[in-house]
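2 protein chains.
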Amino acid sequence: MAFVQVKPGALLSPVPPVLVSCAREGEKPNALTVAWAGTVNTQPPMCSISVRPGRYSYDIIRQSGEFVINLCGRDMLRSLDYCGVRSGRDEDKLKNCGLVCVPAENMQFAPAIEGAPLYLSCKVASVTPLGSHHLIVGSVVGMGVREDLMDADGRIRLDRGDLLAYSHGTYYSLGQALGFFGFSVAGKDAYARRMKELRKK
Amino acid sequence: MAFVQVKPGALLSPVPPVLVSCAREGEKPNALTVAWAGTVNTQPPMCSISVRPGRYSYDIIRQSGEFVINLCGRDMLRSLDYCGVRSGRDEDKLKNCGLVCVPAENMQFAPAIEGAPLYLSCKVASVTPLGSHHLIVGSVVGMGVREDLMDADGRIRLDRGDLLAYSHGTYYSLGQALGFFGFSVAGKDAYARRMKELRKK
Numbered sequence: 001m002a003f004v005q006v007k008p009g010a011l012l013s014p015v016p017p018v019l020v021s022c023a024r025e026g027e028k029p030n031a032l033t034v035a036w037a038g039t040v041n042t043q044p045p046m047c048s049i050s051v052r053p054g055r056y057s058y059d060i061i062r063q064s065g066e067f068v069i070n071l072c073g074r075d076m077l078r079s080l081d082y083c084g085v086r087s088g089r090d091e092d093k094l095k096n097c098g099l100v101c102v103p104a105e106n107m108q109f110a111p112a113i114e115g116a117p118l119y120l121s122c123k124v125a126s127v128t129p130l131g132s133h134h135l136i137v138g139s140v141v142g143m144g145v146r147e148d149l150m151d152a153d154g155r156i157r158l159d160r161g162d163l164l165a166y167s168h169g170t171y172y173s174l175g176q177a178l179g180f181f182g183f184s185v186a187g188k189d190a191y192a193r194r195m196k197e198l199r200k201k
Numbered sequence: 001m002a003f004v005q006v007k008p009g010a011l012l013s014p015v016p017p018v019l020v021s022c023a024r025e026g027e028k029p030n031a032l033t034v035a036w037a038g039t040v041n042t043q044p045p046m047c048s049i050s051v052r053p054g055r056y057s058y059d060i061i062r063q064s065g066e067f068v069i070n071l072c073g074r075d076m077l078r079s080l081d082y083c084g085v086r087s088g089r090d091e092d093k094l095k096n097c098g099l100v101c102v103p104a105e106n107m108q109f110a111p112a113i114e115g116a117p118l119y120l121s122c123k124v125a126s127v128t129p130l131g132s133h134h135l136i137v138g139s140v141v142g143m144g145v146r147e148d149l150m151d152a153d154g155r156i157r158l159d160r161g162d163l164l165a166y167s168h169g170t171y172y173s174l175g176q177a178l179g180f181f182g183f184s185v186a187g188k189d190a191y192a193r194r195m196k197e198l199r200k201k
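Residue numbers (my numbering), protein chains in the order written: chain A, 1 to 201; chain R, 1 to 201.
Hints are supplied without guarantee of correctness; some may be wrong.
A pair holds if it fits inside one copy or across any two, identical chains being indistinguishable in the list.
Stated by the list, open to error - Lysine to aspartate or glutamate pairs mimicking EDC-like chemistry, simulated, CA-CA at most 16 Å apart:
| id | residue 1 | residue 2 |
| --- | --- | --- |
| 1 | 7 | 105 |
| 2 | 7 | 147 |
| 3 | 123 | 59 |
| 4 | 200 | 162 |
| 5 | 28 | 90 |
| 6 | 95 | 114 |
For the record, the hints were derived by calculation from the structure and aren't laboratory data.
Next comes chain A alone, as it looks inside the complex (with noise of 0.2 Å):
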């Protein structure tokens, strides 16, 4: 089937929409909305943000040289959206949205939301402006869990945490679990066997 040439856009999708938590020295912390977020190195892990000049959060992200990434479940669709196009400016919007801020690991300033599925303390390494947005590349220096998605072998579960997707101005929730890394070229038993693990989830 043709691919009909259409007029270039910021159409890679589905992207992880997040909440990102931030403060400085005497303030009440705020929180921002962001789509255009990603994981850009495993080791040491790292992660970017990009955000307007022009948003309220991005002076203080500048200013606190911290940010926290709070991944959203579905219980956080409301909070999530109202985030995005409402403005620490004109009002405290984690207070409106009845959000919690709990210390995060390894930050000076910016906090967790209570309630996210898992958090990543992230100090800023670098910004580049590129246009509209200005490229906050992150290091990774704390991470914490939500309890209830920790196995009691200790094993992370992200899968039970109900995450949103953001594509094309439309929040999803995830689906079906089709497969896992390298499922493609998997023995017949191991197959059979990490997918009936995916499929009980």
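Given the coordinates of chain A, assemble chain R onto it according to the supplied hints.
Below, chain R alone, put in the same frame as chain A:
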């Protein structure tokens, strides 16, 4: 509920598992699976991919200065996984997966992959070594949408593309459409109308 602190890792998710296609003069094209990918700028549109410098495709992308990001639908899952675990150094992955290359808009060498819901033609804008991976930022200079995902009125219907997501080692389909950007502040009538549209899809 409390957080359990664990060793920091690359757990931002879900992320978009994409097939990155590339080529250089006089050689067969290659494809590489990348999950460390995202949008980094809206105006002008820019994407990033993070690639280990030892990967076969890394030099091809550096030397040609271009790559194509192919979003992947469910019918491409096996190829997507296979191109992430095998190397173009050892075999013709595209051929072995039965993937067909077609010209990509504004690319001299890199092809698009037939059947992808959408592709983004990218010119390398910068390369930043971070550790295990190099962050490659690309300017989106062309975009193609699979014919059947264009509405009669010219709207892109990515929601019909059956896109894949990746989270913590597992591939997922996208599930239910839960809301649209801005739903939390939409008026009652606009909310009802838009949600009806979403659920119909």
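Evaluated hints:
In the homo-oligomer, the alpha carbons of residue 7 and residue 105 lie at most 16 Å apart only across protomers (11 Å), although the nearest pairing inside one protomer, at 43 Å, exceeds that limit. For the identical chains of this complex, residue 7 and residue 147 are inter-copy neighbours only, at 15 Å across copies versus 45 Å inside a copy, given an alpha-carbon limit of 16 Å. When the C-alpha separation of residue 123 and residue 59 is checked against a cutoff of 16 Å, the pair qualifies only within one copy, where the shortest distance is 14 Å, while the shortest distance between copies is 30 Å. With identical chains, the CA atoms of residue 200 and residue 162 are at most 16 Å apart within one copy only, with a shortest distance of 15 Å there and 22 Å across copies.
Proximity of residue 28 to residue 90 under the C-alpha cut-off of 16 Å is restricted to the intra-copy arrangement: shortest distance 13 Å within a copy versus 55 Å between copies. For the homomeric pair residue 95 and residue 114, the shortest alpha-carbon distance inside one copy (13 Å) is at most 16 Å, but the shortest distance between copies (48 Å) is not.
Of the numbered hints listed earlier, not one is contradicted by the structure.
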